[in-house]
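Novice: The residues making up each chain are set out below.
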Amino acid sequence: GAGVSQTPSNKVTEKGKYVELRCDPISGHTALYWYRQSLGQGPEFLIYFQGTGAADDSGLPNDRFFAVRPEGSVSTLKIQRTERGDSAVYLCASSLGQYENSPLHFGNGTRLTVT
Amino acid sequence: AQRVTQPEKLLSVFKGAPVELKCNYSYSGSPELFWYVQYSRQRLQLLLRHISRESIKGFTADLNKGETSFHLKKPFAQEEDSAMYYCALRPEFGNEKLTFGTGTRLTIIP
Numbered sequence: 206g207a208g209v210s211q212t213p214s215n216k217v218t219e220k221g222k223y224v225e226l227r228c229d230p231i232s233g234h235t236a237l238y239w240y241r242q243s244l245g246q247g248p249e250f251l252i253y254f255q256g257t258g259a260a261d262d263s264g265l266p267n268d269r270f271f272a273v274r275p276e277g278s279v280s281t282l283k284i285q286r287t288e289r290g291d292s293a294v295y296l297c298a299s300s301l302g303q304y305e306n307s308p309l310h311f312g313n314g315t316r317l318t319v320t
Numbered sequence: 003a004q005r006v007t008q009p010e011k012l013l014s015v016f017k018g019a020p021v022e023l024k025c026n027y028s029y030s031g032s033p034e035l036f037w038y039v040q041y042s043r044q045r046l047q048l049l050l051r052h053i054s055r056e057s058i059k060g061f062t063a064d065l066n067k068g069e070t071s072f073h074l075k076k077p078f079a080q081e082e083d084s085a086m087y088y089c090a091l092r093p094e095f096g097n098e099k100l101t102f103g104t105g106t107r108l109t110i111i112p
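In order, the protein sequences belong to chains C and P.
In terms of our numbering, the first sequence is residues 206 to 320.
In terms of our numbering, the second sequence is residues 3 to 112.
Chain C on its own, in the form it takes in the complex (with noise of 0.2 Å):
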């Protein structure tokens, strides 16, 4: 079946404005993760959903970052007041949930620019 999948792929916005980024996982994976990468550096997470709940948010930089998965399924992440620093390339990955001992699957990421 098809994979995870983010949209946009590419985001250009200006500085102080909002932007929402979105995140389809695989069907039936109940865990849902969302990584920044900036340039140079490897993935680093900001939150992990098991189901509808935000199990783990302490990678959160801060309150103008923001994410939420109503339904258990597609999950949209929350930008406010974007700073220049917020460009990077957010990674978004499912997996079949907590205790289960399954490895990450992960989305091709939305490049956001902050101008």
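In case anyone wonders, no lab produced these hints; they're calculated from the structure.
There could be a bad hint or two in this list.
As the list claims (entries may be wrong) - In silico DMTMM-like pairs for lysine to aspartate or glutamate, Cα to Cα no more than 25 Å straight-line:
1. P:K99 to P:D64
2. P:K99 to C:D268
3. C:K216 to C:D229
4. P:K11 to P:E69
5. P:K24 to P:E34
6. P:K24 to C:E249
7. P:K99 to C:E276
8. C:K220 to C:E276
9. P:K99 to C:E219
10. P:K59 to P:E34
11. P:K99 to P:E56
12. P:K67 to C:E305
13. P:K67 to P:E82
14. P:K99 to C:D261
15. P:K24 to P:E94
16. P:K11 to P:E82
17. P:K59 to P:E82
18. C:K222 to C:E249
19. C:K222 to C:D268
20. P:K67 to P:E10
21. P:K17 to P:E94
22. C:K220 to C:E249
23. P:K99 to C:D262
24. C:K216 to C:E249
25. C:K283 to C:D268
26. P:K67 to C:D268
27. P:K99 to C:D229
28. P:K11 to C:E305
29. P:K17 to P:D64
30. P:K11 to P:E81
31. P:K99 to C:E305
32. P:K59 to P:D83
33. P:K11 to C:E219
34. C:K283 to C:E249
35. P:K11 to P:E22
36. P:K59 to C:E219
37. C:K220 to C:D268
None of these values were measured; they are calculated from a predicted model.
Place chain P on chain C using the hints.
Specialist: Frame of chain C; chain P shown alone:
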């Protein structure tokens, strides 16, 4: 807090030569270690994990708890191995927060 270190940002190896990509970690518990790979214009994907003890595409990695290392090895490099490789750590079973290293770009010279 856990940390993963990949000391080499770039590694070039001739085709047919052995490959070793280094990964060291710091964590006081019993973590699970992974290698993820990203080929050109493809998404990040799992290459192997220490608990499965498999050889994938000729690559192997042994968890050395004494040296806190999880180096990735292949005896004979192939051109299609050129890619970005990331070592990652999961703290313990049930904790889904993966920590990644900064990655090593492997280039196989024909």
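Novice: Against each hint, give a clear statement of whether it holds in the structure.
Specialist: Now the hints, each set against the structure:
1. P:K99 to P:D64: 22 Å, holds
2. P:K99 to C:D268: Since the Cα atoms of K99 (chain P) and D268 (chain C) sit roughly 20 Å apart, the hinted pair holds (cutoff 25 Å).
3. C:K216 to C:D229: Holds - the C-alpha atoms of D229 (chain C) and K216 (chain C) are around 17 Å apart, at most 25 Å.
4. P:K11 to P:E69: 21 Å, holds
5. P:K24 to P:E34: 16 Å, holds
6. P:K24 to C:E249: At roughly 20 Å apart (the allowed maximum being 25 Å), E249 (chain C) and K24 (chain P) satisfy the hint.
7. P:K99 to C:E276: The given pair, whose Cα atoms are some 22 Å apart, holds under the 25 Å limit.
8. C:K220 to C:E276: With Cα atoms ~31 Å apart, K220 (chain C) and E276 (chain C) exceed 25 Å; violated.
9. P:K99 to C:E219: 31 Å, violated
10. P:K59 to P:E34: With a Cα-Cα distance of about 21 Å, the restraint between K59 (chain P) and E34 (chain P) holds, given a limit of 25 Å.
11. P:K99 to P:E56: 23 Å, holds
12. P:K67 to C:E305: 24 Å, holds
13. P:K67 to P:E82: 30 Å, violated
14. P:K99 to C:D261: The hint holds at about 8 Å.
15. P:K24 to P:E94: OK: K24 (chain P) and E94 (chain P) at ~22 Å, within 25 Å.
16. P:K11 to P:E82: 19 Å, holds
17. P:K59 to P:E82: 10 Å, holds
18. C:K222 to C:E249: 23 Å, holds
19. C:K222 to C:D268: Holds - the C-alpha atoms of D268 (chain C) and K222 (chain C) are around 15 Å apart, at most 25 Å.
20. P:K67 to P:E10: 21 Å, holds
21. P:K17 to P:E94: 37 Å, violated
22. C:K220 to C:E249: Judged against 25 Å, a Cα distance of about 22 Å means the pair holds.
23. P:K99 to C:D262: 10 Å, holds
24. C:K216 to C:E249: With Cα atoms ~19 Å apart, K216 (chain C) and E249 (chain C) stay inside 25 Å; holds.
25. C:K283 to C:D268: 10 Å, holds
26. P:K67 to C:D268: Measuring from Cα to Cα gives roughly 38 Å; hence the hint is violated.
27. P:K99 to C:D229: 20 Å, holds
28. P:K11 to C:E305: Between K11 (chain P) and E305 (chain C) the Cα gap is close to 32 Å, so the pair fails against 25 Å, i.e. violated.
29. P:K17 to P:D64: Holds. K17 (chain P) to D64 (chain P) sits at ~23 Å (cutoff 25 Å).
30. P:K11 to P:E81: Status holds; Cα separation ~19 Å.
31. P:K99 to C:E305: Between K99 (chain P) and E305 (chain C) the Cα gap is close to 14 Å, so the pair holds against 25 Å.
32. P:K59 to P:D83: Holds. K59 (chain P) to D83 (chain P) sits at ~9 Å (cutoff 25 Å).
33. P:K11 to C:E219: Violated: K11 (chain P) and E219 (chain C) sit about 32 Å apart, past 25 Å.
34. C:K283 to C:E249: 17 Å, holds
35. P:K11 to P:E22: 13 Å, holds
36. P:K59 to C:E219: Violated. K59 (chain P) to E219 (chain C) sits at ~44 Å, over the 25 Å cutoff.
37. C:K220 to C:D268: 16 Å, holds
Violated hints, in rising order: 8, 9, 13, 21, 26, 28, 33, 36; the structure is consistent with all others.
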